[in-house]
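S.K.: Going down the list, the protein sequences come from chains A and B.
Quick note, this note's numbering runs 57 ahead of the 1-based positions in the first sequence.
Quick note, this note's numbering runs 57 ahead of the 1-based positions in the second sequence.
None of these hints come from the bench; they were simulated from the model.
Since the structure is predicted, the reported quantities are computational estimates derived from the model, not experimental observations.
Some hints here could point you the wrong way.
All copies of an identical chain are treated as equivalent in the list; a pair is satisfied when it fits inside any one copy or across any two copies.
[Stated by the list, open to error] In the DMTMM-like style, the derived pairs of lysine to aspartate or glutamate whose C-alpha atoms are separated by at most 20 angstroms in a straight line are:
hint : residue 1 : residue 2
1    : Lys152    : Glu438
2    : Lys172    : Asp360
3    : Lys117    : Asp402
4    : Lys152    : Asp418
5    : Lys435    : Asp404
6    : Lys151    : Glu420
7    : Lys442    : Glu428
Protein chains: 2
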Amino acid sequence: MAHDAAVSPFAPKAIPEVPVIDGVRFAACEAGIKYRNRKDLMIAVMDEGTTAAGVLTQSKTCSAPVLWCRDSLKSGKARVLVVNSGNSNAFTGKKGRDAVALTAEFAMKAVGCAKDEVYLASTGVIGEPLEAGKFAHLLDGLAKAAKPDAWADTARAIMTTDTFPKLVTRTATIGGVPVTINGFCKGAGMIAPDMATMLCFIFTDAAIAAPALQSLLAAGAQTSFNCMTVDGDTSTSDTMLMFATGKAAARGQKPVTSAGDPALADFTAKAHDLMRELAQLVAKDGEGLSKFVTIEIAGAESDKAARTIGLSIANSPLVKTAIAGEDPNWGRVVMAVGKAGEAADRDKLAIWFGPHLVAKDGERAPSYSEETVAAYMKNGELTIKVDLGLGAGKSTIWTCDLTHGYISVNADYRS
Amino acid sequence: MAHDAAVSPFAPKAIPEVPVIDGVRFAACEAGIKYRNRKDLMIAVMDEGTTAAGVLTQSKTCSAPVLWCRDSLKSGKARVLVVNSGNSNAFTGKKGRDAVALTAEFAMKAVGCAKDEVYLASTGVIGEPLEAGKFAHLLDGLAKAAKPDAWADTARAIMTTDTFPKLVTRTATIGGVPVTINGFCKGAGMIAPDMATMLCFIFTDAAIAAPALQSLLAAGAQTSFNCMTVDGDTSTSDTMLMFATGKAAARGQKPVTSAGDPALADFTAKAHDLMRELAQLVAKDGEGLSKFVTIEIAGAESDKAARTIGLSIANSPLVKTAIAGEDPNWGRVVMAVGKAGEAADRDKLAIWFGPHLVAKDGERAPSYSEETVAAYMKNGELTIKVDLGLGAGKSTIWTCDLTHGYISVNADYRS
Numbered sequence: 058m059a060h061d062a063a064v065s066p067f068a069p070k071a072i073p074e075v076p077v078i079d080g081v082r083f084a085a086c087e088a089g090i091k092y093r094n095r096k097d098l099m100i101a102v103m104d105e106g107t108t109a110a111g112v113l114t115q116s117k118t119c120s121a122p123v124l125w126c127r128d129s130l131k132s133g134k135a136r137v138l139v140v141n142s143g144n145s146n147a148f149t150g151k152k153g154r155d156a157v158a159l160t161a162e163f164a165m166k167a168v169g170c171a172k173d174e175v176y177l178a179s180t181g182v183i184g185e186p187l188e189a190g191k192f193a194h195l196l197d198g199l200a201k202a203a204k205p206d207a208w209a210d211t212a213r214a215i216m217t218t219d220t221f222p223k224l225v226t227r228t229a230t231i232g233g234v235p236v237t238i239n240g241f242c243k244g245a246g247m248i249a250p251d252m253a254t255m256l257c258f259i260f261t262d263a264a265i266a267a268p269a270l271q272s273l274l275a276a277g278a279q280t281s282f283n284c285m286t287v288d289g290d291t292s293t294s295d296t297m298l299m300f301a302t303g304k305a306a307a308r309g310q311k312p313v314t315s316a317g318d319p320a321l322a323d324f325t326a327k328a329h330d331l332m333r334e335l336a337q338l339v340a341k342d343g344e345g346l347s348k349f350v351t352i353e354i355a356g357a358e359s360d361k362a363a364r365t366i367g368l369s370i371a372n373s374p375l376v377k378t379a380i381a382g383e384d385p386n387w388g389r390v391v392m393a394v395g396k397a398g399e400a401a402d403r404d405k406l407a408i409w410f411g412p413h414l415v416a417k418d419g420e421r422a423p424s425y426s427e428e429t430v431a432a433y434m435k436n437g438e439l440t441i442k443v444d445l446g447l448g449a450g451k452s453t454i455w456t457c458d459l460t461h462g463y464i465s466v467n468a469d470y471r472s
Numbered sequence: 058m059a060h061d062a063a064v065s066p067f068a069p070k071a072i073p074e075v076p077v078i079d080g081v082r083f084a085a086c087e088a089g090i091k092y093r094n095r096k097d098l099m100i101a102v103m104d105e106g107t108t109a110a111g112v113l114t115q116s117k118t119c120s121a122p123v124l125w126c127r128d129s130l131k132s133g134k135a136r137v138l139v140v141n142s143g144n145s146n147a148f149t150g151k152k153g154r155d156a157v158a159l160t161a162e163f164a165m166k167a168v169g170c171a172k173d174e175v176y177l178a179s180t181g182v183i184g185e186p187l188e189a190g191k192f193a194h195l196l197d198g199l200a201k202a203a204k205p206d207a208w209a210d211t212a213r214a215i216m217t218t219d220t221f222p223k224l225v226t227r228t229a230t231i232g233g234v235p236v237t238i239n240g241f242c243k244g245a246g247m248i249a250p251d252m253a254t255m256l257c258f259i260f261t262d263a264a265i266a267a268p269a270l271q272s273l274l275a276a277g278a279q280t281s282f283n284c285m286t287v288d289g290d291t292s293t294s295d296t297m298l299m300f301a302t303g304k305a306a307a308r309g310q311k312p313v314t315s316a317g318d319p320a321l322a323d324f325t326a327k328a329h330d331l332m333r334e335l336a337q338l339v340a341k342d343g344e345g346l347s348k349f350v351t352i353e354i355a356g357a358e359s360d361k362a363a364r365t366i367g368l369s370i371a372n373s374p375l376v377k378t379a380i381a382g383e384d385p386n387w388g389r390v391v392m393a394v395g396k397a398g399e400a401a402d403r404d405k406l407a408i409w410f411g412p413h414l415v416a417k418d419g420e421r422a423p424s425y426s427e428e429t430v431a432a433y434m435k436n437g438e439l440t441i442k443v444d445l446g447l448g449a450g451k452s453t454i455w456t457c458d459l460t461h462g463y464i465s466v467n468a469d470y471r472s
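The following block holds chain A by itself, in its conformation from the complex (with noise of 0.2 angstroms):
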């Protein structure tokens, strides 16, 4: 499938600048896999030492690469990682197995580890057998090849139907130490809490030893990507892996061991924010969207009620087409808070589209204008606020709007 799409209106102007990190280099190539005259192969070579962390896809047909990662994960250890687009490797069967299996013994013999220090993830159709043995052969050349400041090929090789990549930096202090951590992921479609079709790559130069990494991946996974949903559909391949060199310590960074250490307080909070971040590019890359969206819940029962409420609205194809039509059709959001099968009061329902009160009590707010609120919905970044009125229950979602470009990049994604 060809980028025939625009670039979507909420990309970066321009892909940043990001700092190297001490112990990971990069290098990407066209292997040819299925697109023609982009990179669609990307290698990440980690110095000895880098641990590692992941959260993975809950799906009960996941991909190969996926079950591979899991296995992997269980050694806390990290040398290489392998990406490729255009084939997920995903239902197919025997052949799939195979195919991780070749990858995988080229890429140990291309840096000289050990089998469970290597991290494989694929993305691309589903089903189709992904032919190992016409690429695995270059990864000995890209590992050689492997720059430390090669973020932006890299991030471009996984892409699929993206129309930018996606690179966030921070920076954060352990023990007084600064540290770096950079991001990148991929997706735009098949994409919801669980996570999505997504895939991401986190590395920084901080000593941390692989528990504790595990520990703030995971909770960071829960307020930025499984926050996030375009079209409410899961993927088999949902990869979010994050890489700590270690090479800090070299500059006096006292390696951390648990995840409770208050002297990781600020790199879980700017990881945090970078997984946030990365998330809403996502979501701002949503397939055919013309507007980012994001819905914020107050006053659910709990945190997880309000979290499922604003999913139901994220989800909602009635919600997201009233949005596409630049139409405040609130009445949409008061069904989807009613669908949800969380607790919810009807008269004790507040909605906001951005600033204005639309309704409240059980009906339309008084100070209601139609004229208003649809000059409001011509922005191209909106929210949508809904306060139950029950608890102190709280989540943020981010999606977009569901519009005839969906239907035009779904409609024909392998033909």
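Please build the complex by placing chain B on the supplied structure of chain A, with the hints as guidance.
M.R.: Just chain B now, kept in the frame of chain A:
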């Protein structure tokens, strides 16, 4: 909103002639509630002795008429049903309750009955106050003009974005005495189980006590309207009511007092069959559809699990857009099975598109021919079958594809 959309390609060639049912008369008129130049208000006047049953939306933000019906159903009796289209009187607060009370008052006077023998339903936009004062005075004239054969006009008066009226008839015998069952319904979007923006009214001349009628209606909902989805959006107004005038008793039908009475078996089967046909007609009128799709699930752990998996497939935007694009993208069916949250084993799954086995044993079927299955996808009516290979649970779900037409209909519904 004008009925610009062409009639669904799956509409019956003509609205069927249905027999009259002794004890019930209908009338409809143009009340100008929202639509112009079409009937939007209907009445059904029933003789004394009519029993009533109902299944209503589970929405936490249900409409004022739904609350009214819930109360009336406690009596088990009915004398009058009033339905309007163009405004759902949902999320209209005290004004909504007042509108319901005013409509009911005029209906009671028109037919001379008690408050709890009145049933009301409204369908259309949410959140706009329904000005009952503008049409309630018409009910007296409508009741006087009501005729036993005005089925087609009545079925048309409850339509919103429907492109054709949905009217179905069956005959059954109870203890050897023939009885008639007629039903009509509306619904085309905001359609999902439990239930749908769906109004359905079923009438029979059989003599059946209200508790038995309720029991067979609730059971029928599970295998008809709760197995049908257009967009996964559940409405605030879903209402299915069934009325039994009891007039067949005069022709020798022994009144049925228990749902377990063997004499009710044929009637139950025919009534459920009628409900299934009505539910399929709704899916066949899904907003903007180009394909009518039957999803058959077998081999699940339970019937409930099978239904959840079937709905996960039927509601997946990616499956629905692939079908719209006539793309045999069975990988998206794998994805939808995987995300359903029910037990599934990738390596035991088998998937058929029509008669064509496309996947089994965790990978593409060896016999799979893209050309053959792509040709199958050109059909208007499609069947996707999934066997999970785990147990005996099964279900059948009816749905439609997701097209540019759905976006067009819903992005400017209110304008």
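S.K.: Now look at each hint and say whether the structure bears it out.
M.R.: We went through each hint and held it up to the structure:
no. : hint            : in the structure
1   : Lys152 x Glu438 : neither (44 angstroms within a copy, 33 angstroms between copies)
2   : Lys172 x Asp360 : neither (40 angstroms within a copy, 42 angstroms between copies)
3   : Lys117 x Asp402 : between (35 angstroms within a copy, 7 angstroms between copies)
4   : Lys152 x Asp418 : between (59 angstroms within a copy, 12 angstroms between copies)
5   : Lys435 x Asp404 : neither (29 angstroms within a copy, 48 angstroms between copies)
6   : Lys151 x Glu420 : between (58 angstroms within a copy, 8 angstroms between copies)
7   : Lys442 x Glu428 : within (19 angstroms within a copy, 48 angstroms between copies)
Consistency with the previously given hints fails for numbers 1, 2, 5, ordered from lowest to highest.
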